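Number of protein chains: 2
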Amino acid sequence: MENLRTPGPTPCPEPVLQAQTKQMINHRGAEFQNIMNGVTQDFKTLFQTKNDLFILTGAGTGGLEAAIVNLFSPDDKILSVSIGVFGDRWASIAQTFGADVTSLKFEMGEAADPDLLRKALQADPKIKAVLITHNETSAGVTNDVASLGRVAKEFDKLLVVDGISSLGSIDCPVDKWQIDVAVAGSQKGWMVPPGMTMLSVSEAAWKAHANAKMPRFYWDFSRAKKYLEKGQTPWTPAVSILYALNVSLKILLQEGLPNIFARHVRLGNMTRKGIKDMGLKLLVVDESYASNTVTAVWPPEGIDPDKLRKTLRDDFKLILSGGQGKLEGKIFRIGHLGYCSEKDIEDTLSAIKKSLPKHGYNPK
Amino acid sequence: MENLRTPGPTPCPEPVLQAQTKQMINHRGAEFQNIMNGVTQDFKTLFQTKNDLFILTGAGTGGLEAAIVNLFSPDDKILSVSIGVFGDRWASIAQTFGADVTSLKFEMGEAADPDLLRKALQADPKIKAVLITHNETSAGVTNDVASLGRVAKEFDKLLVVDGISSLGSIDCPVDKWQIDVAVAGSQKGWMVPPGMTMLSVSEAAWKAHANAKMPRFYWDFSRAKKYLEKGQTPWTPAVSILYALNVSLKILLQEGLPNIFARHVRLGNMTRKGIKDMGLKLLVVDESYASNTVTAVWPPEGIDPDKLRKTLRDDFKLILSGGQGKLEGKIFRIGHLGYCSEKDIEDTLSAIKKSLPKHGYNPK
Chain A
1 MENLRTPGPT
11 PCPEPVLQAQ
21 TKQMINHRGA
31 EFQNIMNGVT
41 QDFKTLFQTK
51 NDLFILTGAG
61 TGGLEAAIVN
71 LFSPDDKILS
81 VSIGVFGDRW
91 ASIAQTFGAD
101 VTSLKFEMGE
111 AADPDLLRKA
121 LQADPKIKAV
131 LITHNETSAG
141 VTNDVASLGR
151 VAKEFDKLLV
161 VDGISSLGSI
171 DCPVDKWQID
181 VAVAGSQKGW
191 MVPPGMTMLS
201 VSEAAWKAHA
211 NAKMPRFYWD
221 FSRAKKYLEK
231 GQTPWTPAVS
241 ILYALNVSLK
251 ILLQEGLPNI
261 FARHVRLGNM
271 TRKGIKDMGL
281 KLLVVDESYA
291 SNTVTAVWPP
301 EGIDPDKLRK
311 TLRDDFKLIL
321 SGGQGKLEGK
331 IFRIGHLGYC
341 SEKDIEDTLS
351 AIKKSLPKHG
361 YNPK
Chain B
1 MENLRTPGPT
11 PCPEPVLQAQ
21 TKQMINHRGA
31 EFQNIMNGVT
41 QDFKTLFQTK
51 NDLFILTGAG
61 TGGLEAAIVN
71 LFSPDDKILS
81 VSIGVFGDRW
91 ASIAQTFGAD
101 VTSLKFEMGE
111 AADPDLLRKA
121 LQADPKIKAV
131 LITHNETSAG
141 VTNDVASLGR
151 VAKEFDKLLV
161 VDGISSLGSI
171 DCPVDKWQID
181 VAVAGSQKGW
191 MVPPGMTMLS
201 VSEAAWKAHA
211 NAKMPRFYWD
221 FSRAKKYLEK
231 GQTPWTPAVS
241 ILYALNVSLK
251 ILLQEGLPNI
261 FARHVRLGNM
271 TRKGIKDMGL
281 KLLVVDESYA
291 SNTVTAVWPP
301 EGIDPDKLRK
311 TLRDDFKLIL
321 SGGQGKLEGK
331 IFRIGHLGYC
341 SEKDIEDTLS
351 AIKKSLPKHG
361 YNPK
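For the protein sequence lines, the chains are A and B, in the order given.
Going by the working numbering, 247 is the number at position 247 of the first sequence; the sequence numbering is gapless.
Going by the working numbering, 106 is the number at position 106 of the second sequence; the sequence numbering is gapless.
Same shape as in the complex, but just chain A:
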């Protein structure tokens, strides 16, 4: 068995994989309705929200697109707070659909600074919304959305959060933080194969939606809402992924959010300590912003991280991710979210430690 330690897709527990073997059912029938309503309610609990919540068939990037096209009109001013590849991608989506995007960018490894966000909002009162990546998968950095969100709300802006690699793993209380739209993806902490994206929608988001003129059909929240009233989806959903969610969310609810978050804190701490103990450096600049779902690591000087990853795969069946964007070929990343135990991290660290000498570095 491989030790899949990418930050998504993440491994799935066997009962979750098995759940997908249930035969297809009519997605306009009573049994489907029960499953759909149950999974939706479980997601609301795990998102810590009473807002509407939709489960749409598509990748997380589809969810990011859905958030944009449902809330905005062309030429709307949006402030994109980006600390990496996924923040940049979201800004590109908004620009593609005609938004007037101002980018507040930070170096990869840094977290967004609430004071700079305040200045950016002061500088342009026409900004309607702030896009924030909660956990930047490409950099292994978790933004302080509580503080950033408070700033956005001081100025009464819509707060739109990419929680794809945080929700269900790192505390992200949607209602308490007044997040208007939060986006998640099934293949992250939810321990389910990729294929579905989940979005919560606040009352303020619905008000924006009512006036939003960007073209939308497949991702349209209004159609999703109309069908969810019948326990359905407007288009044929990924039924087997929904079966998997119906099992995995029960496992997560059984563990309980405080325990889930605490487990991810332990896994994050353990990973970072192990990496530093070997003498390797973390990408994250200030460790108080280090992500508890993914760790980005600088290899020792002169070592090609992609060659190191090949050794780890060939010799230890350990699968890590490489760098993205301008860090491609420069770092490696370890996923420690969802179905992940201390044992998995021990194995991961041990494999890295044993492989480094092959590449000319003797870890401490």
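Some hints could be false.
Note: identical chains are not told apart, hence a pair may lie in one copy or across any two.
Said to hold, decoys possible - Below, in silico cross-link-like pairs of lysine-lysine (BS3-like), each with a Cα-Cα straight-line distance of 30 Å or less:
hint, residue 1, residue 2
1, Lys50, Lys364
2, Lys50, Lys230
3, Lys281, Lys105
4, Lys213, Lys77
5, Lys250, Lys22
6, Lys50, Lys225
7, Lys317, Lys226
8, Lys126, Lys77
9, Lys310, Lys22
10, Lys44, Lys22
11, Lys44, Lys307
12, Lys353, Lys22
13, Lys22, Lys354
14, Lys330, Lys105
15, Lys226, Lys307
16, Lys307, Lys230
17, Lys230, Lys330
18, Lys128, Lys213
19, Lys126, Lys213
20, Lys225, Lys326
21, Lys213, Lys105
22, Lys225, Lys307
23, Lys317, Lys50
24, Lys226, Lys250
The hints are simulated quantities; they were obtained by calculation from the structure and are not laboratory data.
As the structure is a computational prediction, the values presented were derived from the model and not from experiment.
Based on the hints, put chain B in the right spot on chain A.
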């Protein structure tokens, strides 16, 4: 076990369901690349095309949206040929994204008339493309795309075909018929759960794409092409659905296209004969256009088709579909595509025959 006879989702063979239990893998790794390239090649064979072919994560409606946003600019003139709910939906998508859509509509139950298509194209030389539903799932009618397509090509128009409920079940040779974009969905004849949509893209379609200004990001063909060159998808794909396709397409290739098409002809004939033998009427006006994947049936006068469906479900575990659009509550529909045998149709017909007396009709 239920006898699921809806026209999608359709039942899946056990090995296909089981294929989904394979653990997740890195979607940027070598094993994924092999699967992705293999499934793509198998789809090309089954689409009977040498064109590019993309497998995107989403429902069939997402595929219909992808076809529009990748080919057109706002204000482009499009001729929509519609014979039912899915044809109308496609026209709505095109209008939503700003196309100038002319609708050539036919009553549900009728097939599109190539002569009327010729007149419509003569009437407006500015039309760039023709949208045609090959098999209209809401009406149980199969259009003569060979003839309709020839007319479109007489006028040198782009030919864009919704083959969601035909491809892989009813002969739809993409290259021979010069189809520029053909759209399919995993949950139909492919015998796989819903979650992926497949599109073939011709050289002429690529030329249109190069000038197409509708906003697109998630569904963008250029991004899909760039990543497919590495055996990847731009966004995390529905890995477990891909595992299922990797098994189901081999089963289909083993059976062979001529046998698959012949089986669907037999199932279609058997269904229609059984329905007529009971004294019930088909929705399709001219039986030479009857669909071999789905049959739409008028219930006997005075019988509520949705109540009949409830009896079939409660007494026989037979799941049929109801009417859509203006035929909601007026007809019922029997799916006979994909994983479906003569025995399944025998059981279906027998259950209908036994249930009708309960509703006051004694079948012949």
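Hint check results:
1. Lys50 x Lys364: Answer is neither; intra-copy 49 Å and inter-copy 55 Å both fail.
2. Lys50 x Lys230: Answer is within; shortest intra-copy Cα gap is 18 Å, inter-copy 42 Å.
3. Lys281 x Lys105: The answer is within: 23 Å in one copy meets 30 Å, while 65 Å across copies does not.
4. Lys213 x Lys77: both (13 Å within a copy, 21 Å between copies)
5. Lys250 x Lys22: Both: 17 Å inside a chain and 21 Å across chains, each within 30 Å.
6. Lys50 x Lys225: within (14 Å within a copy, 40 Å between copies)
7. Lys317 x Lys226: Intra 46 Å, inter 28 Å, cutoff 30 Å: inter-copy only.
8. Lys126 x Lys77: Classified as within; 6 Å inside a copy, 36 Å across copies.
9. Lys310 x Lys22: Classified as between; 22 Å across copies, 36 Å inside a copy.
10. Lys44 x Lys22: both (25 Å within a copy, 29 Å between copies)
11. Lys44 x Lys307: For Lys44 and Lys307, the Cα distance exceeds 30 Å both inside one copy (42 Å) and across copies (34 Å).
12. Lys353 x Lys22: Answer is between; shortest inter-copy Cα gap is 29 Å, intra-copy 42 Å.
13. Lys22 x Lys354: between (42 Å within a copy, 28 Å between copies)
14. Lys330 x Lys105: This pair counts as within: shortest intra-copy Cα distance 20 Å, inter-copy 57 Å.
15. Lys226 x Lys307: between (51 Å within a copy, 24 Å between copies)
16. Lys307 x Lys230: between (52 Å within a copy, 18 Å between copies)
17. Lys230 x Lys330: between (49 Å within a copy, 20 Å between copies)
18. Lys128 x Lys213: both (14 Å within a copy, 25 Å between copies)
19. Lys126 x Lys213: both (17 Å within a copy, 27 Å between copies)
20. Lys225 x Lys326: between (39 Å within a copy, 22 Å between copies)
21. Lys213 x Lys105: both (27 Å within a copy, 28 Å between copies)
22. Lys225 x Lys307: between (48 Å within a copy, 26 Å between copies)
23. Lys317 x Lys50: So Lys317 and Lys50 fail the 30 Å test inside a copy (42 Å) and across (36 Å) alike.
24. Lys226 x Lys250: So Lys226 and Lys250 pass the 30 Å test inside one copy only (26 Å; across, 39 Å).
Checked against the numbered hints above, the structure violates hints 1, 11, 23; every other hint is satisfied.
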